[in-house]
Amino acid sequence: MAKLSEKDVLHVAKLARLDIGDKELPILQNQLSEVVDFVGQLSEVNTDDVEPTSQTTGLENVLRIDEVAPKNCLSQEEALSGTDKTYNGYFVVGRVIKK
Amino acid sequence: METPLTIEETHKGLIGKKFSAVELVDSYLSQIKAKDGKLNSFLTVSDEVAYEQAKSTDKAVKELGKDAVETHPLLGVVVAFKDLFLTNGIRTTASSKVLESYVPAYSATVVKRLGDAGTITLGKTNCDAWAHGASGENSDFGPTKNPWNTEYVPGGSSSGSATAVAANLSLISTGTDTGGSIRQPANFCGVVGLKPTYGAVSRYGIVAMASSLDSIGHFTRTVGDSEKVFQVTKGADEYDSTAKDFPFDAPKIKPHLKLGIPKEYFVEGLDREQEKAVLDAAQVFKKMGVELVDISLPHTKYAISVYYIVQPAEVSSNLGRYDGIRFGNPRASFGAEAKRRIMLGTYVLSAGYYDAYYLKAMKVRSKIIQDFSIAFENVDAILAPVSPTPPFKLGEKAANPLQMYLADILTVSANVAGLPGLAMPFGFNSKGLPLGFQLMGPRFSEDVLFALGKEFEKETEYKPKVAMS
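Those sequence lines, one after another, are chains A and B. Using this note's numbering, you'd call the opening residue of the first sequence number 1 and step up by one each time. Using this note's numbering, you'd call the opening residue of the second sequence number 1001 and step up by one each time.
Note that these hints are calculated values from the structure, not bench results. A portion of the hints provided could be inaccurate.
To be verified - The calculated label-pair distances, taken between Cβ atoms and stated as ranges, are:
no.	chain 1	residue 1	chain 2	residue 2	range
1	A	11	B	1359	19 to 27 Å
2	B	1459	A	68	51 to 59 Å
3	B	1055	A	68	33 to 41 Å
4	A	85	B	1018	50 to 58 Å
5	B	1298	A	94	36 to 44 Å
6	A	57	B	1276	30 to 38 Å
7	B	1055	A	71	24 to 32 Å
8	B	1235	A	21	27 to 35 Å
9	A	21	B	1070	55 to 63 Å
10	B	1116	A	84	47 to 55 Å
11	B	1276	A	72	47 to 55 Å
12	B	1293	A	61	54 to 62 Å
What the hints assert, rightly or not - Here are the simulated DSS-like cross-link-like pairs (lysine-lysine), alpha carbons at most 27 Å apart as the crow flies:
no.	chain 1	residue 1	chain 2	residue 2
13	B	1112	A	71
14	B	1339	A	3
15	B	1286	B	1059
16	B	1033	B	1393
17	A	14	B	1339
18	A	7	B	1301
19	A	3	B	1301
20	A	85	B	1097
21	A	23	B	1339
22	B	1363	B	1287
23	B	1363	A	3
24	B	1097	A	14
25	B	1059	B	1228
26	A	23	B	1097
27	B	1339	A	85
To be verified - Facing chain B, a subset of chain A residues (Cβ under 10 Å, in silico):
no.	residue
28	12
29	15
30	22
31	24
32	28
33	43
34	46
35	47
36	50
37	52
38	77
39	79
40	83
Please read these numbers as outputs of a predicted model, since none were measured by experiment. Ideal Cβ positions, reconstructed from N, Cα and C, are used throughout, including at glycine.
Assemble the whole structure, with the sequences as input and the hints as a guide.
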C-alpha cells in the first residue's frame, strides 16, 4: 500500500534537513517503503474508543517556580566551548536570508 | 593480581589491602590494552581521570578504613560509560561522526551519582551510533566484536558496554535501553543487564534517542551488583521531570511468587537453544517454589510496529537539534542508519500520515499496556526469551534494515509499556555463545525482579565467567 515515491523521499529529506545523494535515493526509497509497509499491519487492530498513550508512568504536568538558578546554567565560555565559530562571545551562523 | 569479579570482591580487596585502587586501575588498563584491539569496545580510555579517582579512593580507604564503603557504596568500582552519557571534560561522541570531537561541559546525573558513590571512570564505550541498532555495527567508529567469538556481533546498541563487562575490561558499565539495547547485548555477551522502569533513572545529560521509551540502566556480572548500582542511580532528579522516586505502593517481595510464561513470546522462528534455556530456567524457578502460570499477551506481535513508528518519530525530533552550529559537525555527518530513522520518523509525523501511523501507534500502545495490566493482576513477573536468535555473524543482517529491526521483537514491549526488564545469562549454546532469559515486571517492581534473580543465581550456583580469559 504505502510505497514511497522518489518525490516522497526527497520531500521528507527536505523536511529533515538531510541531503540525499543520487545513489542513496533508490536504496532509501526501497528500505523506507519496506518498513512503512510492515508497520502498516497496525491498521488491522481495532482501536475504536482507545485513548492514545504518550507517557507510561502517569505523570501529569511537572511544574517548578520560574526562576533562574545560576548553578543550572553554563557560563558563556562553557556554552561556547563546543565550536570555534564564535564572534564577540556569540555563535556565528550561516546566512538564512537571501541578499 | 587477580581482578575482582564483583563489587564485594573489590571492596574486600581494597579494605583488606590485597590491592590498592591504583593497582586495580593498572590491572584493568592492561586488560584493555591486551584485549580491546580485537574487541573495539572502548572509544575513549580516560586513564588520567581514572588514576586521579583511584588516588582519592586509596586516600579514603587509608583515612576511613572499612567505613569508606559505608559512605561510598560503590567505592573503587570501575565503570565504563556508553558513549551516550555526557562526561564533563571527556569526549562524548554517541559513536557518531557528528559528535566526533565534542567534549561536554557538564556530566549526566547518572555519571555524577556514580562518581559521588565512589566509582572510577575507565572510559567511554562504543555503541551503534545514536543507539540505533541491535548489533553494534552501526557505530561510525567500527563495530564491536563478541568476546566469546569475535566473528559474531555482541548485540546492540550498548555493544561496547556489554563486551567490556563480559571480557572483564570493566567491573560495571552503563547503557541505554530504548527497544532492547541493554537486554539484548547482555544476552549476547552473557552478562546481567537491567532496563529499569521508565522514569526510575534520570535521563539528564544522556544523548536522547526516543524520549518516551529511553530507559537508563547498566551491565554487571551478578544480579546483586545490578541492584547495588541501581540503588545509586535511581530516584527523582530536578533536571529530568520524568524521573521519579519509587512510589510507596511499588510491588513488594512476597513469600509466594507467580511467574507468567507468555505464549506469544515463543514465536515461530525462535531459536531452539534460546527457547530451551528459557524453559530450563522456568524449571529452576519452579524448583525454587515459584508458581509458573501460562499467560497471554495478545497484542505482542504489534509491539514491533508500534515501536518502529513511535521511536523513529521521536528520533527525528531529538536529532533535529544537531545543526553543527553550537557544537558538533553539520548534518551531512549523519550515518546511513540515523538518516533512515530520521526520515522514517519525519514521514510518519508529516501532514496526511500522522493519524494513520503515529496516532494509531499510540493507540495500539495503550492496548499493549492493557495486556500487561491484565497479566499482572495474576502474576508478579513474566519470564521470556530476550532475542529470537543467538548472536549472529558480523555483516549477516547489515544489508537489510527490516531484518535488523526484527531482532528487537521480544524486547520492545517492555519499552512500549515502560516496564522494567532484567536480562540474565544462563549457560551457553552448542557454538559456545551465551544463552539467557529476561524477567519483566510491573512498573517499579525492580525489587521483585532482583529477588527472583538473586535466588536463581543461588539455586543454580552461578559463577560468573570471563570471556577471553
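Tested hints:
{"no.": "1", "hint": "A:11 to B:1359: 19 to 27 Å", "in the structure": "21 Å, holds"}
{"no.": "2", "hint": "B:1459 to A:68: 51 to 59 Å", "in the structure": "55 Å, holds"}
{"no.": "3", "hint": "B:1055 to A:68: 33 to 41 Å", "in the structure": "37 Å, holds"}
{"no.": "4", "hint": "A:85 to B:1018: 50 to 58 Å", "in the structure": "52 Å, holds"}
{"no.": "5", "hint": "B:1298 to A:94: 36 to 44 Å", "in the structure": "52 Å, violated"}
{"no.": "6", "hint": "A:57 to B:1276: 30 to 38 Å", "in the structure": "35 Å, holds"}
{"no.": "7", "hint": "B:1055 to A:71: 24 to 32 Å", "in the structure": "27 Å, holds"}
{"no.": "8", "hint": "B:1235 to A:21: 27 to 35 Å", "in the structure": "47 Å, violated"}
{"no.": "9", "hint": "A:21 to B:1070: 55 to 63 Å", "in the structure": "59 Å, holds"}
{"no.": "10", "hint": "B:1116 to A:84: 47 to 55 Å", "in the structure": "33 Å, violated"}
{"no.": "11", "hint": "B:1276 to A:72: 47 to 55 Å", "in the structure": "52 Å, holds"}
{"no.": "12", "hint": "B:1293 to A:61: 54 to 62 Å", "in the structure": "38 Å, violated"}
{"no.": "13", "hint": "B:1112 to A:71", "in the structure": "15 Å, holds"}
{"no.": "14", "hint": "B:1339 to A:3", "in the structure": "18 Å, holds"}
{"no.": "15", "hint": "B:1286 to B:1059", "in the structure": "48 Å, violated"}
{"no.": "16", "hint": "B:1033 to B:1393", "in the structure": "25 Å, holds"}
{"no.": "17", "hint": "A:14 to B:1339", "in the structure": "12 Å, holds"}
{"no.": "18", "hint": "A:7 to B:1301", "in the structure": "32 Å, violated"}
{"no.": "19", "hint": "A:3 to B:1301", "in the structure": "22 Å, holds"}
{"no.": "20", "hint": "A:85 to B:1097", "in the structure": "18 Å, holds"}
{"no.": "21", "hint": "A:23 to B:1339", "in the structure": "14 Å, holds"}
{"no.": "22", "hint": "B:1363 to B:1287", "in the structure": "40 Å, violated"}
{"no.": "23", "hint": "B:1363 to A:3", "in the structure": "23 Å, holds"}
{"no.": "24", "hint": "B:1097 to A:14", "in the structure": "21 Å, holds"}
{"no.": "25", "hint": "B:1059 to B:1228", "in the structure": "23 Å, holds"}
{"no.": "26", "hint": "A:23 to B:1097", "in the structure": "21 Å, holds"}
{"no.": "27", "hint": "B:1339 to A:85", "in the structure": "26 Å, holds"}
{"no.": "28", "hint": "12", "in the structure": "5 Å, holds"}
{"no.": "29", "hint": "15", "in the structure": "5 Å, holds"}
{"no.": "30", "hint": "22", "in the structure": "15 Å, violated"}
{"no.": "31", "hint": "24", "in the structure": "8 Å, holds"}
{"no.": "32", "hint": "28", "in the structure": "7 Å, holds"}
{"no.": "33", "hint": "43", "in the structure": "7 Å, holds"}
{"no.": "34", "hint": "46", "in the structure": "9 Å, holds"}
{"no.": "35", "hint": "47", "in the structure": "4 Å, holds"}
{"no.": "36", "hint": "50", "in the structure": "5 Å, holds"}
{"no.": "37", "hint": "52", "in the structure": "3 Å, holds"}
{"no.": "38", "hint": "77", "in the structure": "9 Å, holds"}
{"no.": "39", "hint": "79", "in the structure": "7 Å, holds"}
{"no.": "40", "hint": "83", "in the structure": "6 Å, holds"}
In summary, the structure is inconsistent with hints 5, 8, 10, 12, 15, 18, 22 and 30 from the numbered list given earlier, while agreeing with the others.
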